[in-house]
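2 protein chains.
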Amino acid sequence: MMVDVVLKEGSVTAPKGFLAGAAKAGIKKAGRYDLAIVYSPTLAVMAGIFTTNKVKAASVLLSQAHLSAGGGQGRGVVFNSGYANACTGEQGKKDAAGMAKATAAALGCGEEEVLVASTGLIGACLPMEKVLAGVTEAAANMSLAGGSLAAQAIMTTDTVPKEIGAEIEVAGHKVTFGAMAKGSGMIHPNMATLMCLVTTDCAIAPELLREALTMAADATFNMVTIDGDTSTNDCLLALANGMAGNPTLRDAGDPGYAAFVAGLTEVCRHLAQRIAKDGEGATKFLTVRVEGAKTERDARLAAKAVAGSSLVKTAIYGEDANWGRIICALGYSGADFDPNIVDMYLGELQVMRQGQGVAFDEAAAKAYLSGDEIVALARFHQGEAAAVAWGCDLTNDYIAVNANYRS
Amino acid sequence: MMVDVVLKEGSVTAPKGFLAGAAKAGIKKAGRYDLAIVYSPTLAVMAGIFTTNKVKAASVLLSQAHLSAGGGQGRGVVFNSGYANACTGEQGKKDAAGMAKATAAALGCGEEEVLVASTGLIGACLPMEKVLAGVTEAAANMSLAGGSLAAQAIMTTDTVPKEIGAEIEVAGHKVTFGAMAKGSGMIHPNMATLMCLVTTDCAIAPELLREALTMAADATFNMVTIDGDTSTNDCLLALANGMAGNPTLRDAGDPGYAAFVAGLTEVCRHLAQRIAKDGEGATKFLTVRVEGAKTERDARLAAKAVAGSSLVKTAIYGEDANWGRIICALGYSGADFDPNIVDMYLGELQVMRQGQGVAFDEAAAKAYLSGDEIVALARFHQGEAAAVAWGCDLTNDYIAVNANYRS
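One line per chain: the protein sequences are A and B, in this order.
Counting along the first sequence from 1, when you hit position 345 you're at 326 in the working numbering, and nothing is skipped either side.
Counting along the second sequence from 1, when you hit position 58 you're at 39 in the working numbering, and nothing is skipped either side.
Treat the hints with care, as some may be off.
What the hints assert, rightly or not - Here are the computed lysine to any residue pairs in the SDA-like style, where the Cα-Cα straight-line distance is at most 20 Å: (1) K74/B <-> K74/A; (2) K35/B <-> G352/A; (3) K35/B <-> E272/A; (4) K74/A <-> D319/B; (5) K75/B <-> I322/A; (6) K75/A <-> Q363/B; (7) K75/A <-> R334/B; (8) K74/A <-> Q337/B; (9) K75/A <-> K75/B; (10) K35/A <-> Q363/B; (11) K35/B <-> I322/A; (12) K347/A <-> T268/A; (13) K74/A <-> R334/B.
Think of the hints as simulated: they come from the structure by calculation, not from any bench.
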């Protein structure tokens, strides 16, 4: 089914009934936003997808508990950057709870109606005095304009804030999405390391919101890799407050639900691509498309392996059409395919036919690879399934960014 | 059971009854050895472990077929570097068979008694005229001294040749091992990308040689990672010609078999570590030890994830005691453990106790990390299983080596 989704500039306050506030709390370097609150005064349906890492930040554990205790309903999220509040033991749990409690007090809502998301250095405790002062300040300055400040406040090694809006129609009602994300390193499915919040004024049942979020994440954030490291703090959160006035979506067969999934997926895809483009040290954005796979799982495994290969990434950085590394990564991906019938293209240029290299124009390849958006396509000719993964090149700057992260 | 294994300088011609020859055939840059033959005039028992990559080089497919057709018996291996003979279609298969045939003709043995191993660029066909001339030359100059030349001939981006010898005692008979390996990039279990041949004069049944080789590889080459890329050409081969005169090992309960496994494992461990130390661009050798895991599988998964993490590797390069990245990698490794009771050490310095960071002397940490051999130890306190993985730091030189590999 084709659905109209209109992406447009926007922040988490683009949908009706959302406010946001941010503070320069001094958690990160002075002079940068590092704490934010996003708030729906109207009770909203909430859903979250969290890191699969066995080591989970205190904020992740608290948000999971609040989602469960609140039955998937709530009003706000408090974010901080600078410290991940992971591997911080009992003190970390107290601090995450303290953030939620202070935010709930400032907003005048229940503690369980607040989720917490932290990002930054693993293993050090939050400077709670600064955090609590920041919560007070961010709550006091909430506004529509605060949405874009919130997107700044969640940045760590990101070089640019990442936010987007979108509109769809549900049963004659305009439904709006707003979203922000951070992510630049420690990025790998599942999940891409990230902190992402999608707000919407759609009226939707909690179980459908959860289902839609999972589907959207699988096709987007779970297809981005920067460095193969799955973080302790990943979270993708969604708040839907129903202010659009559409009849509440309760049935997966409802055409309005298809529109909702399409809108949510487009928003997530946009941000997932932005994350790959802003990968630590990245100079090139890599899109890997696998077509003709037996199953979607095969296509996804294959595309992700290529996007995640250090050798592919360095070759892209070097503008070297070393397609042997791509077929090598396809081969170890775990995907089921016949290497002897694979075709492969870099942009429009065919480099492999039926499992073998073809003579190609090296100058044309070099010219194509000198661009900053590279598309590698593999056709398996074994079925109808396809998938796309996104990544970036591996550069000296990735090493520079990460060799002295704590210093 | 403790078994005496004496490692000593040596090459693949260290055991009785092995000869080797090498040639500068012009397959790689002029003036470098790039083709080698290792030969046992006496019929030997052979075993091989090959890449798990779905895309297998023609040499891998041919060697698998010859091992199968020959019932695990044969006399020699022909090696080339420069071209991997992978993704080369029917021509590649003909070329691999041509290498075996020419070698068999030069040695005066059956084609199926010869295995073939190629390494280098994927996707281009072998320059067969040069290869065949090289076979003739290498076969003509076989000698005991040729063992070390063979180790040079299999190098690609390796900066040093890698070979070793060892001695054990089996039922009062001295049994000798010799081995050579190449590997520097595209290194990841299973298998570590490599080409490795172990020769021995032990008398051993084919099925025990296969079993011993698998056990040795699991504890050694399968615990090395440089860059997470599993190649198309990995092979670990073993030839045992029985010239030591020991009663043939036929029973896994035989103490002589335990000595054999210990010797084979020590030889493989030595070479696996040498490969990690010679990782592309590496400046530091990283050993990751996991203790107290529930199962060996958990311990191996955990140790390998840390050794393979780009973020851990860049932190080691930067001499930054960012242990949060280590616990993060343990967490996404797939190993089952309780993050809240993990202890962690960098060298002698404890950095984590019961899942939380401990205050440590940053100057002492920096001093330790400024060394070129770094040991990270995690204790899970959940059982008795342990494992060790080896890797190296991720540096600008890795990128320099790989950005323009084909050029």
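Problem set entry | Holds or violated: K35/B to E272/A, with C-alpha atoms at most 20 Å apart | Measuring from Cα to Cα gives roughly 17 Å; hence the hint holds.
Exercise. Is K75/A close enough to Q363/B, meaning Cα to Cα at most 20 Å?
Worked result: violated, 26 Å
Problem set entry | Straight-line alpha-carbon gap K74/A to D319/B, limit 20 Å | holds, 16 Å
For this session: Verify the proposed pairing of K74/A with Q337/B, using a straight-line Cα cut of 20 Å.
Result: holds, 12 Å
Exercise. Under the criterion that the straight-line Cα-Cα distance not exceed 20 Å, is the pair K74/B, K74/A satisfied?
Worked result: violated, 61 Å
Problem set entry | Agreement of K35/A and Q363/B with the hint, judged by alpha carbon distance not exceeding 20 Å | holds, 15 Å
Exercise. Would the pair K35/B and G352/A pass a check requiring their Cα atoms to be no farther apart than 20 Å?
Worked result: violated, 31 Å
Exercise. CA of K75/B to CA of I322/A, is that 20 Å or under?
Worked result: Judged against 20 Å, a Cα distance of about 18 Å means the pair holds.
Exercise. Within 20 Å, alpha carbon to alpha carbon, are K74/A and R334/B?
Worked result: Holds - the C-alpha atoms of R334/B and K74/A are around 17 Å apart, at most 20 Å.
Exercise. Can the restraint linking K347/A and T268/A be considered satisfied, given a maximum Cα separation of 20 Å?
Worked result: holds, 17 Å
Problem set entry | Restraint check for K75/A with K75/B, where alpha carbons must lie at most 20 Å apart | violated, 68 Å
Exercise. Are the Cα atoms of K75/A and R334/B separated by 20 Å or less?
Worked result: Between K75/A and R334/B the Cα gap is close to 19 Å, so the pair holds against 20 Å.
When the structure is compared with the earlier hints, violations turn up for hints 1, 2, 6 and 9 and for no others.
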